[in-house]
Every structure is written in C-alpha cells, then in structure tokens.
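**Student:** Sequence:
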Amino acid sequence: MTYSTDPNDYQRVPVKVAAMAKDFPPGHVVGEHVHERAQLVYAVSGVMRVTTRDGTWVVPTHRAVWVPPGEPHQIRMSGAVAMRTLYIAKDATASLPSRCGVIEVGPLLRELILAATDHPPDQPDPTGRMALIGALVLVELRSVPVMPLHAPLPRDPRLVAVCRALIDDPARPEGLEAWADRVGASARTLARLFRAETGMSFAAWRQQTRLIEALARLAEGQSVSLVARDLGYDSASAFTAMFRRTLGSTPSRYFERLE
1 MTYSTDPNDY
11 QRVPVKVAAM
21 AKDFPPGHVV
31 GEHVHERAQL
41 VYAVSGVMRV
51 TTRDGTWVVP
61 THRAVWVPPG
71 EPHQIRMSGA
81 VAMRTLYIAK
91 DATASLPSRC
101 GVIEVGPLLR
111 ELILAATDHP
121 PDQPDPTGRM
131 ALIGALVLVE
141 LRSVPVMPLH
151 APLPRDPRLV
161 AVCRALIDDP
171 ARPEGLEAWA
181 DRVGASARTL
191 ARLFRAETGM
201 SFAAWRQQTR
211 LIEALARLAE
221 GQSVSLVARD
231 LGYDSASAFT
241 AMFRRTLGST
251 PSRYFERLE
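Heads up: the sequence shown begins at 1 in the UniProt record's numbering, then just goes up one per residue.
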C-alpha cells in the first residue's frame with residue numbers, strides 16, 4: 001500500500017505519533033518550512049543536513065535530528081536519502097527537548113520507527129498496536145544520547161559574517177586576528193563573543209563546521225584524501241586523527257559501523 005508523502009497530512013491525525021516514509025535523490029533540498037508537530041528526522045540511508053536559525057546539524061545514517069514544534073528548518077540531502085520521519089503531537093513533547101539536537105538511533109528505536117511507517121495514522125487501530133508503538137517511542141526519546149554533530153550559529157553580525165564565510169569555504173585558514181581586521185572588532189572581542197554565543201572557541205567551531213562538511217562529502221563517496229585536502233588539512237592522517245578524536249573511530253570504520 002502507498003501512503004501519503006505530504007507532511008501536511010500528518011499534522012492533525014488522531015494519534016500522538018505519526019510516521020512518514022519518503023525517499024529523496026542526491027542533492028535535493030527541502031526549503032525552509034515549519035510543522036505544527038515536533039519532528040524526528042531519521043536517515044535509514046544517506047546523510048542529511050538540517051539547518052535552523054540557530055545552526056546546522058548533520059544527520060548520518062542511523063542518526064536522527066529532533067526538531068521541536070514550530071521550528072523553521074531546511075533539509076539538504078547528501079547522496080540519496082531514505083528518510084523516515086516521526087511527527088509527534090505538541091501535547092506529547094512536554095518532557096522532550098525544547099531545542100534541536102542529533103540523537104543516536106539504537107536498534108529498538110529504529111525498529112519502532114520502521115514499524116510506525118507501516119500503518120497510516122488516519123486508519124483505525126483496533127488492536128492498539130500503534131498506540132503502544134507511539135508510547136514506547138516517547139519513552140525511548142527521553143533517554144537517547146545527544147551526538148556532537150552541531151555547529152551553532154551566533155547572533156552578533158560580526159560573528160555571523162565570519163561563520164557564513166567559513167560555512168561557504170570551511171578550508172579557509174585565517175585565524176581570529178585576520179578575521180578581526182575584516183569585521184571591525186578586536187581578536188579578543190571575537191574570541192569572547194564566540195564563547196558567549198556558541199559555547200565554543202573559534203577553533204572548535206571551525207573544526208565542527210569542517211566535520212559536518214566532511215560527513216556529508218564522505219557519505220557521497222568522496223575519498224578521505226580528497227575531503228582532507230578540500231577542508232584545509234595538511235594530510236589525510238591529520239584529518240583522520242581529528243575525526244577519530246571527535247567521533248571515536250576512523251572515517252572508514254565509522255561508516256562501516258553505520259551500515
């Protein structure tokens with residue numbers, strides 16, 4: 001049976017947790033939009049980048065991003081993406097995060113998501129199976145770990161100029177002194193603002209931005225050496241060392257584990 005792939009059809013259904021399955025071609029962009037319900041965006045395969053006004057989250061295979069109700073966001077696909085989305089009623093999100101975040105999808109939550117997509121949310125549930133699945137999904141979401149796959153965006157216009165330039169070209173090597181001259185602030189001021197508005201140092205923020213871009217490119221099949229070079233690393237080994245420190249394994253093992 002073919003079910004709707006229009007998100008609007010899942011916003012006012014009679015169940016707390018509704019699920020939609022939809023596949024996207026490489027490079028597809030879902031422009032900025034907003035949902036009445038909260039959204040758990042899960043990648044069965046492929047990598048997505050979800051961007052809000054507060055930053056960008058990268059969503060590799062077997063990860064998901066949590067988007068609170070009413071949060072404007074954009075989704076960009078890296079490679080072909082099999083997306084499975086849960087739409088969760090606003091009145092069921094009181095104990096769930098109020099801000100976006102990437103979460104680990106373990107075996108149980110994964111199977112619950114896939115099971116939920118097998119039943120159209122506007123159809124009767126005489127056995128109560130879907131209600132139980134939805135209730136267990138909510139229990140799981142309260143305890144899943146948050147992953148370090150986020151690059152927050154600041155508000156200060158001087159920092160925004162720096163961050164936008166690095167998002168467009170993560171390999172740029174300039175330090176804070178060079179950026180300070182360009183945006184009309186001292187390096188000390190920029191360093192203080194980075195900590196205050198992103199919770200990270202400038203160097204940590206730039207590394208996180210490079211990691212997000214690297215995950216998207218690796219998911220598209222680019223080689224580690226090409227990604228390392230394009231993102232400004234002196235060697236593939238230097239890039240691999242950063243990757244291992246942040247995510248706990250080499251790029252090849254990371255994607256093998258996801259698969």
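No lab work stands behind these hints: they were computed from the structure.
We put the beta carbon where it would ideally sit given N, CA and C, even for glycine.
A couple of the hints might just be wrong.
As the list claims (entries may be wrong) - Okay, the calculated beta carbon distance ranges per label pair:
| hint | residue 1 | residue 2 | range |
| --- | --- | --- | --- |
| 1 | Ser143 | Gly232 | 33 to 39 Å |
| 2 | Arg142 | Ala165 | 18 to 24 Å |
| 3 | Pro126 | Ala165 | 28 to 34 Å |
| 4 | Gly175 | Arg129 | 55 to 61 Å |
| 5 | His33 | Arg195 | 30 to 36 Å |
| 6 | Arg195 | Pro173 | 39 to 45 Å |
| 7 | Gly128 | Ser201 | 48 to 54 Å |
| 8 | Gly199 | Pro126 | 47 to 53 Å |
| 9 | Gln11 | Gly128 | 47 to 53 Å |
**Student:** Next step is simple, just say for each hint if it's right about the structure.
**Tutor:** A quick look at each hint next to the structure:
| no. | hint | verdict |
| --- | --- | --- |
| 1 | Ser143 to Gly232: 33 to 39 Å | holds (38 Å) |
| 2 | Arg142 to Ala165: 18 to 24 Å | violated (39 Å) |
| 3 | Pro126 to Ala165: 28 to 34 Å | violated (57 Å) |
| 4 | Gly175 to Arg129: 55 to 61 Å | holds (57 Å) |
| 5 | His33 to Arg195: 30 to 36 Å | holds (32 Å) |
| 6 | Arg195 to Pro173: 39 to 45 Å | violated (21 Å) |
| 7 | Gly128 to Ser201: 48 to 54 Å | holds (51 Å) |
| 8 | Gly199 to Pro126: 47 to 53 Å | holds (49 Å) |
| 9 | Gln11 to Gly128: 47 to 53 Å | violated (23 Å) |
This entry does not satisfy hints 2, 3, 6, 9, going by the numbered hints stated previously.
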